[in-house]
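Number of protein chains: 2
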Amino acid sequence: MNPVETLALHARKASSALKSSPGAIRADALNRMAGKLLDCHDAVMAANAADLAAAPELSEAFRKRLAVTDKIFDYMLNRLREAAALPDPVGRILEGRTMPSGLKVRRVAVPIGVIAMIYEARPNVTTDAAAVALKSGNAVILKGGSESLRTNRVLAAAMREAAVEAGLPEDVVQLVDSSDHGAVTELLKLDKYIDLVIPRGGKGLIRAVAEGTRIPVLKHYDGICHLYIAADADPEMAADLVENSKCQRVEVCNALETLLVDGESAPRVLPGIAAALRKHRVELRGCPETLKLLPDVLPAKEEDWDTEYLAPILSIRIVHGIDEAIRHIAEHGSGHTDGIVTGSLQLADKFTAEVDSASVLVNASTRLSGGGDYGMGAVAGISTDRLHARGPVGPNELCTSKWVAVGNGNLRK
Amino acid sequence: MNPVETLALHARKASSALKSSPGAIRADALNRMAGKLLDCHDAVMAANAADLAAAPELSEAFRKRLAVTDKIFDYMLNRLREAAALPDPVGRILEGRTMPSGLKVRRVAVPIGVIAMIYEARPNVTTDAAAVALKSGNAVILKGGSESLRTNRVLAAAMREAAVEAGLPEDVVQLVDSSDHGAVTELLKLDKYIDLVIPRGGKGLIRAVAEGTRIPVLKHYDGICHLYIAADADPEMAADLVENSKCQRVEVCNALETLLVDGESAPRVLPGIAAALRKHRVELRGCPETLKLLPDVLPAKEEDWDTEYLAPILSIRIVHGIDEAIRHIAEHGSGHTDGIVTGSLQLADKFTAEVDSASVLVNASTRLSGGGDYGMGAVAGISTDRLHARGPVGPNELCTSKWVAVGNGNLRK
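Those protein sequences? They're chains A and B, same order as listed.
Mapped onto this note's numbering, the consecutive letters of the first sequence carry residue numbers 1 to 413.
Mapped onto this note's numbering, the consecutive letters of the second sequence carry residue numbers 1 to 413.
Quick caveat, the hints were computed from the structure, so don't treat them as lab data.
It should be emphasised that the depicted structure is a prediction, and the values quoted were computed from it without experimental measurement.
Don't take every hint at face value.
Same chains, same names: a pair is fine if it fits in one copy or spans any two.
Said to hold, decoys possible - Pairs of lysine-lysine residues, derived as DSS-like cross-links and limited to a Cα-Cα distance of at most 25 Å, are as follows:
#1 K71 <-> K36
#2 K19 <-> K350
#3 K350 <-> K104
#4 K13 <-> K192
#5 K104 <-> K203
#6 K13 <-> K189
Excised from the complex, chain A in its bound form (with noise of 0.2 Å):
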């Protein structure tokens, strides 16, 4: 058995003894893990400073995903709490009723299991991952990117500690201890003992896990989002909507990356909407239409449409009534988040009906989409898949169910 083989039976063996765990044991788990961290202060930022200085190469990107600064560890501190004081999602009764029969069922949330998480840089993912799997009652394997290795490893041996002094397996949360690639290609094997993979990274590595396992994977590739500004929006609260959406964060999947916007309200809300973004030094490409009311923005070329920036480029595309612009949607879009702006109920309910997207926002900015801001706490990735879970992965998505009919001797007729 090689040591990834011999981690993921371990990582079997905990989740057994997790299912059926109290809530509030696992809650004490996730306020130790934070408590213990807090301890490890010195020792995490010593060791990720050696991770900063031993990859001097790396672009400022990487570094700044890579960096821990106290901003973050806090951040990390308050979503391990924050898992801990929300709700058990393990055992809830997701539906139930009594028969005429009278036999009596029920579906009840259940831990899924083995989780194994694949990501890159972030620190971060390793203590929100194992919040959101130990909430939920699952064991978690965490595969980071090498760079970060001598932070996770920090991390990891401090939750391992909480949670024996939580009274469960120290297994419940493990580390591949591996810069080797050779160890997810390991990992992806294990079907026998693994029941989900969430990678979370560059689209070169998730497509990689996807096509590279039988186990079920959760993930998303891109984040083309889109807002429309429909032909009745009001020019302030667009202006203010596409500025939040593309620049609050330009390297971030839920960030804005074209904007649509109707023949109606482009002479009146364009102006604003491009002196908003000249302030952050947005390059925009615009379509023909959009370049006579903008002459100073490039032409957008056909790729721009189906492109995800990550970076402070827009693409503008002026767009004739709301069909056209959900049609947009649907041809280019990743359905991740896609939003309007409108006053009119009428279009408000046509685009969140047939806009066909994880998430579908009016009058509110793309950066909202996500677990925080729709109250799940701290969430192990981003979903664009159909089944299963769709959206923010949190809590309660790591949960299955069974069906548990209690009966009095009843028979099949």
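With chain A fixed as given, assemble chain B onto it according to the hints.
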């Protein structure tokens, strides 16, 4: 584009229309399907007689599954009408809240899209699958066994006509009109158009489907179902439940295969159970302890504990205490349906908490595990997978969800 690809593309187009169709239209279509089938009664029966005549070499069991009797015909019509009468699964608000920011978030059930059913003999799967798929707003592609192709042609044509009369595209229901196995291989490649595959039939078929596609699959392989007769069980209820679980129908996935009897109750309950089963000529295979109490029982071999007989055979093992019963089920069960017979609340609670199967029953026949007896109506299949749906796959299970968030200019801080 080959014929199967064309058909899948048509399904995707029909699915777009179906996704936003009101529930009343879908219910009307289902009722019209039942009516149209009734009009076609003679044609269905003639086609089925031709199917049966064309395959005289098939086993009696297979011919029984293939035959559309008047009873089965009525059943098919009733399942369509029952599905019509169920509440609309589409548009259910599954959860929701108003966040402190004022953002109103809700998670809404929406159709999955295009579902492919791959199955063997039974023509009622054709109507059941169409009923469940259409009820939940999904387009369905039906690929039945070649032996039932004539029957399925008449059924599918009638359902397509009814769909059109209700104002839906005819391609919401499509039959792969081919007895060529290559058609299945083609279907399984079309992850571009098909969102979910549900295979029903023998283990070989299901394995071939699950291992031959990147499309998500809902399935079960085995139904190695257990009843555990606890120390305190009432002998009469135990005998009735064992008889019904084993004998009501032997060839189905929720029939009993292994009986676990607590050592304390064995002397009291086993004679009555054995007498009830012998009336049905069930062959009994027991562990050594069972043989001491029932000397004329055959000795069970180790592989008996892992065998789904689908036949009048039952393996019997005496266990000592509920923990041994739960361990036996964890080791040898298939996670389909397992039950306990007890008057003890403590034992029932422990069993339902610790047995990790899709259905866990207390004092009820294993044959009651299923869509009808759980109040779900027709089902497309049964899943022992842990992701998306576990247990019977009814209209609710053929939905995914999307998040809708409504704000008033809400920004990310």
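(request) Identify every previously stated hint that the structure contradicts and give their numbers, smallest first. (result) 5
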